[in-house]
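Each chain, letter by letter, is given below.
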Amino acid sequence: MELIFEKSVKGRRGVTIPASGVLPAPKLDSSYLRSEDAQLPEVSELDLTRHYTRLSQLNFSVDTHFYPLGSCTMKYNPKFTEEIACMPGFAALHPLMAHTGSASALVQGALEVIYETERLLAEITGMERVTAEPLAGAHGELTGIMLIAAYHRRKGNKKRYVIVPDSSHGTNPASAAVAGYEIISIPTAEDGCMDMEAYKAALSEETAAVMLTCPNTLGIFNTAIKEVSRLAHEADCLMYYDGANLNAMLGKCRPGDVGFDVVHLNLHKTFATPHGGGGPGGGPVGVCKRLVDFLPVPYVAKRDDGVFYLEDKRSHSVGRIAPFFGNYGVMLKAYAYIMLLGAEGLTRASEMAVLNANYCLKLLKKYYTLPYDRRCMHEFVLSASKQEAKGVRALDIAKFLIDKGIHPPTIYFPLIVKEALMIEPTETESKESLDRFIEVMAEADRLSKEDPEMLKKAPRRTPVSRLDEARAARMLDCSHI
Amino acid sequence: MEDTKGYYTPHTEDEVKSMLEVIGVKSLEDLFGDIKSENRPASFNIPEGRSEQEVGAYFRRLASLNCPGIVSFLGAGFYDHYIPSIVNALSSRSEFYTAYTPYQPESSQGTLQAIYEYQSVICALTGLEVANASLYDGGTGLYEAVMMAYRATGKKKIVISEGANPVYRSMLRTYTRNLEFRLVEVPLEKGRDSREALFKALDAETAACVLQNPNFLGAIDDHTDIISRAHDVGALAIESVYPISLGILKTPGEMGADIAVGEGQSLGMPLSFGGPYLGFMASKKKLARKMPGRIAGATVDRDGRRGFVLTLQAREQHIRRQKATSNICSNQALCALRAVVYLSALGRSGFRRLAVLNRDLAEYAKSGLSAIKGVRLEDGVSNFNEFTVTLPKAAGEVFEKMIVSNYLAGLPLSKYYKGMDDKLLVAVTESRTKEEIDGYVRHMEKALWS
Amino acid sequence: MEIPANLLYTKEHEWALLEGGRVRMGITDYAQEHLGDVTYVEPPEKKEIKQFELLTTVESVKAASDIYAPLSGEIVEFNGALDANPELLNRSPYGEGWIAVLEIKDESETAKLMDSEGYSDYLKSLEEKK
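Residue numbers (the numbering used here), protein chains in the order written: chain H, 1 to 481; chain E, 1001 to 1450; chain F, 2001 to 2130.
Looking at chain H on its own, in the form it has when it is part of the complex (with noise of 0.2 Å):
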């Protein structure tokens, strides 16, 4: 499709600017001014509609398709929630309003959103505290690893190392990285958790965390966890909780109560808020007890008489990571979500999601390794190998799945499967979207060993198929300008 600039038309009128109704300001010096108009787009309020419409509609999305991608929770973000978001009452507030004198008194009911928020999320996932002002899920990291670094140095302790099993996301040791710290990466036991006798050999006084995601990348809820936790708690070693996977145990396991020290959590994931095309996103962090006066400020807090103020003093906080209290709508949206599920909405999300996994599981494992061979959480991870041996990747099958209007799966990740499909359905998909999944699956074994060409040519029925990748990064052409 043609760009919106090569649609422009010198000259073209887009929205009316109104008159100012005053006299014109004095010109500026002409060193201040720039020396042309900036080459935006020159379209009618029509091309413009067109435009993008048409471009929305070369997209796949949660509400076109199915989009089964592991450890992303591509549920369906009720629409409900974005009109809460859009409340003048909510949206039209400026956020200094709560640090400037009396204005506070005039944002009342936005900072009890906050309030609540954070309470709310500190109790699903049995956290002392919450902070809701990261503004991402890997914002959110760093947060936690700034809180778990600031812990150590106060208490005087020299720590290099934080942990990671091999099979973590790249964000968990990427963060690490950023505070200073080097990785240990403990290897995945046959059981698909990890190896109990490497991490106890890992563990030392240098060890400054373990950062790990429950149930794991493979699907898999270590039953041992209290005995992790104990044992890095021993080393004086900080359990870190990376919140992708919560969608898998809501109602039935929190972090806080297994020894987990700082958690995170992805309100796009777990709380349905969407996901935007990759963002906005919301990663609140959670605390134990004795992190909390590391939490950064200024904080929302409530008086005694129920008034609500931004609360400037922790002893020991990081400070201010983000400029306001997060991303506030989008915290609007999770919180809207909460109250419409409740206890047992968010439950059964989780009952549903796990029921939904593993019937795919089931089905699937008749054409695919299932290299972890045991029951799974939320998602699981298949590889291809078995269709690889016959030429076909996991890629070919991703893009096959494109022409079948449906969106692959996580692939190649996590590292530790070759050839992985990281499958993660949801709950709320339905039964029907399940069996279409597992059929076109299905297919696309039998056409790796009969038609393997059909996957390899695949996707034929987009606009483009098989971009190259390469000459992007080499020639890079970021802008028509």
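Chain E is faced by these chain H residues, among others (derived, beta-carbon under 8 Å): (1) Met1; (2) Leu3; (3) Leu40; (4) Tyr67; (5) Pro88; (6) Ala91; (7) Ser102; (8) Gly109; (9) Ala110; (10) Gly277; (11) Tyr328; (12) Glu351; (13) Leu467; (14) Ile481.
Listing some non-contacts, in silico: residues in chain F with all C-beta distances to chain H over 12 Å: (15) Met2001; (16) Lys2011; (17) Leu2018; (18) Lys2050; (19) Thr2056; (20) Tyr2094; (21) Asp2106; (22) Glu2107; (23) Lys2124.
I should point out that these hints are in silico values taken from the structure, not numbers from a laboratory.
No experiment lies behind these values; they were computed from the predicted model shown.
Quick reminder that beta carbons are idealized off the backbone N, C-alpha and C, glycines included.
Starting from the known structure of chain H, arrange chains E and F on it as the hints suggest.
Chains E and F only, in chain H's frame:
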């Protein structure tokens, strides 16, 4: 009693039963067998789920406790601009907002092309050659720019003007604490950047010079000479800019800046009590590979058709011990979409006219306020749509009086700058009418003198 | 998997070819295969470099990899052809895809490198670990 609670899960009783059979277990609880009783929640005191009507009523009550109808002259980096209806209409298409990060390009050309177009308009605004797909906000964007300078020069001293947003400076301090950076904050002089002070601070150990235009106090400047000096000592120049001002003001590119960052909230995002916002970033081409975050790049497919992909992904997960990496690099895709629709809706001349309109209204407010006894403006300072007034009384007190008259008078600067108890930062956007400004000036006079 | 007999190798998959007082270096066939399509090779920023110190970075579609100096010395040449044609690293890692030439100080440092047999054994041991 029928179970009427769907919770967005479509499963009927029968379906659950037959699925359990296929799996080979008797009950749902069997699926959670790995979570032993000692690992079950100690409590789960979440209130019962409610209907849309009930939850809606709750939020409407909370919303009514807030006062969005107050007439606002408060900016300080985040502005009340009018959002054309086309922005909401197009960005609320669910094919855009319920899509995922575009890792599978064939199924995400909508998102990818929109990001490419967004990158292009950011280049058009800033006068620089490459832009990324956005960062969380202007503050994390500023941090990322500083990290780019560190990666490019290997040096750890950052010279930063106090004209840069104090909230961003505070965030920068938090993020660089563990990295042993030296932040040298250079005070303003009479509301503007002092060449003397900045030139003194810039030396061979400096990785970057960070400037803001217009500065936090609203003053416009031409930073070309400071940027040139930064280059002389081998430092990079980072310019933090207010995007609407680029409708008329000299661009970071024209000034010679290496990196431009800023808060894109004004480009079609509501104030929304603090977020979601939009951190934009653009740089010279030679720094492209040091840029954090996603970048959408144009390429061709196997049949030679043009398409777009996420590129330079190598930067994302790579860990380089010797040089600290960033990990805060996802993007605010939906906000970026709003920005490109907004800028395309205004168009080339509309964007300039909007900037002129903002300035005209601000100058009108300025002259109204300065006509009040005892109210002074800073000498020799030019402004865009925000300016600092010195009041004959404590600005905080005046702010309180104005609230009673239903005005957010501006930002009392004592919160962020020493010795500025009598100074108020006033912003005027196209959302303010001549009548509102007249009313504001009248009430200001009353607040000061009656 | 090509492992030319006349070269020396490092654990980080660089090769070294001694050229009388100088050493030419690049990355091995194994390395280029694992990197995938190379998209960019950053010109080294240093002049003087120690053995096993970071020389530069090679970027591919999948990842960015650090490249280390096989011997200490002064970087006197960088393969400019890689700028326009980074794919040379994939196509001809031991030939046209060379990365840099260093003038070396201490040839005895080669004792810390592996010969082609040693490198071949090393690669086998890596495969087994998987």
